[in-house]
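With the sequences and hints as input, model every part of the structure.
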Amino acid sequence: MNLLKTIKTLVWRRAFWAGLFFIMFVFNGLLLLTYISNNRNALVYNPFVKSALPFYRGMREITNSIIDTAFIFKMRRDIGISQYRLEVKTSDLRKLNEAIPSSLSDEVISGALLFTEDMEETVKGVFYYQDKAYDVKVRYRGENANHWTRAKKSWQIKFDKDTPFNGLRTLKLIIPSDREYFAEALNNYRAKKLGLIVPDAEFVQLYVNNDYYGVYFAIEDFSSEFLEKSNKPADANIYASEDSQAIDSQATIFDSSNFWRKEAEDKLFDFENFSELDFLLSQMGRPDFVDIAPDIIDMESFYNWNIVSILAGSGHQSNFGNMRLYFNSAKGKFEFLSWDVGIKSYLPFDITNELTKKILSNPEYYKERNQHLWNYVSDDKNLNDDLAYYH
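The sequence shown: position 208 = 208 (our numbering), numbered continuously.
Treat the hints with care, since some could be wrong.
Computed cross-link-like contacts, DSBU-like style, restricted to lysine-lysine with a CA-CA straight-line distance of at most 30 Å [said to hold, decoys possible]: (1) K137 to K161; (2) K344 to K172; (3) K381 to K229; (4) K152 to K95; (5) K158 to K124; (6) K193 to K333; (7) K262 to K172; (8) K152 to K89; (9) K229 to K161; (10) K193 to K344; (11) K89 to K132; (12) K172 to K137; (13) K172 to K229; (14) K367 to K381; (15) K331 to K262; (16) K229 to K331; (17) K124 to K192; (18) K193 to K89; (19) K161 to K89; (20) K331 to K344; (21) K262 to K357; (22) K344 to K192; (23) K229 to K193.
The set of hints was computed from the structure by calculation and includes no laboratory data.
Right under this line is the structure:
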């Protein structure tokens, strides 16, 4: 009996101390996580922390791989989507990678560094699809570091003008995580239903030098060819906004045409001529802009473009980037192009930009936008159709 009592006492004590140790471990772990969360921006610049980042990232990859084993029997490559193969010399791949800054650099870690011309190293390659070969020029792409600091990078592939790929001169292969996986495809699907023009896109598999790189979101570039396929005047300008804060932290894209570039151009004026955009930006400063807006903006295009963002809960078309404007030379008006809309599980407090805000400050336009929105959401067929497409 004494022996049994002694054993029970020891077991109880061990259980007590083990429980106490576990509670203290969890408590201190929570304190550490709270400290890291509150001081993350300062910690990432610490030399010791920075030296540990590769280990942390490696462990994160191992953890993700372990989690992925739960889906191992569903992982297969014969999933009925296109397979693209890219052959690039090893020395040229090295050139591409050497043009990209280290993922441990302070600017990359802070998120201050965006893709610049210095990183646009371009090399030759061969693109294969369905036993047909195309001579191409390739480079990495993507404004933010998530596109080019990891093993899986986003690509831009340029085809020769005499041998386009399915009518395309430029093909973008974007990492799906940047487009919230299926979200961009759904946004584009809705945009088409609402009468907007969007680039052709699909999910594809990519092999580089026979190494499998996984699934990508492949999308055509905004170009004259894109406009022609969309039955729009192709001899016209498509304006794309830059990240204004990367140039001037106090500026917005509506302050100057210096924060814009052309992705397609008319043939009448020099590529550097931004007269149409300059006119729009100057008119935005007028006190009666809302009254003259329909004279220079296709309001149907605006309403439907804004509705796509509302349905996605997105404010990604902001004062600081992700805007695409097409000047329809036949109408003499700007039309809006849906691009990188994103998606949220909640409705942001502010999903407008300065141009949207000015237009919707007019009660008549605000009411008309809401009527367009109601027409869409009140039709159960739209919801069922969207869900069917998403799934």
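Results of checking the hints against the structure:
Distance restraint check for K137 and K161: the Cα-Cα separation of roughly 12 Å lies within the 30 Å cut-off, and the hinted pair is therefore satisfied. Between the alpha carbons of K344 and K172 the distance comes to roughly 24 Å, so the proposed pair stays at or under 30 Å and holds. Taken as a hint, the K381 and K229 pair is honoured in the structure, with Cα atoms around 28 Å apart against an allowance of 30 Å. The straight-line distance between the Cα atoms of K152 and K95 is roughly 16 Å, inside the 30 Å bound, and the hint therefore holds.
At most 30 Å may separate the alpha-carbon atoms for a hinted pair to count; K158 and K124 meet this at roughly 9 Å. Straight-line distance between C-alpha atoms of K193 and K333 comes to about 21 Å, which keeps the hinted pair within the 30 Å bound. Of the pairs offered as hints, the one joining K262 and K172 holds, with about 17 Å between alpha carbons and a cut-off of 30 Å not exceeded. With a C-alpha separation of about 18 Å, the suggested pairing of K152 with K89 holds against the 30 Å cut-off.
As the CA atoms of K229 and K161 are separated by approximately 16 Å, the hinted pair is consistent with the 30 Å bound. Distance restraint check for K193 and K344: the Cα-Cα separation of roughly 20 Å lies within the 30 Å cut-off, and the hinted pair is therefore satisfied. As the CA atoms of K89 and K132 are separated by approximately 19 Å, the hinted pair is consistent with the 30 Å bound. In summary, the hint linking K172 to K137 is supported, as the alpha carbons are separated by about 12 Å, within the 30 Å threshold.
Note on K172 and K229: the hinted pairing holds, with a Cα-Cα distance of about 17 Å set against a maximum of 30 Å. Under the criterion of a C-alpha separation no larger than 30 Å, the hint pairing K367 with K381 is consistent with the structure, at around 23 Å. Taking the CA atoms of K331 and K262, the gap is near 19 Å; set against the 30 Å cutoff, the hint holds. Annotation: proposed proximity of K229 to K331 holds, straight-line Cα distance about 18 Å (limit 30 Å).
A distance of roughly 35 Å separates the Cα atoms of K124 and K192; the hinted pair therefore is violated under the 30 Å criterion. For the suggested pair K193 and K89, the alpha carbons sit about 43 Å apart, so the restraint of at most 30 Å is broken. Straight-line distance between C-alpha atoms of K161 and K89 comes to about 23 Å, which keeps the hinted pair within the 30 Å bound. Restraint check: the Cα-Cα separation between K331 and K344 comes to about 34 Å, which exceeds 30 Å; the hinted pair is violated.
The straight-line distance between the Cα atoms of K262 and K357 is roughly 24 Å, inside the 30 Å bound, and the hint therefore holds. Between K344 and K192 the alpha-carbon distance is near 20 Å, which keeps this suggested pair within the 30 Å criterion. Among the hinted pairs, K229 with K193 is consistent with the structure: their alpha-carbon atoms are about 17 Å apart, no more than 30 Å.
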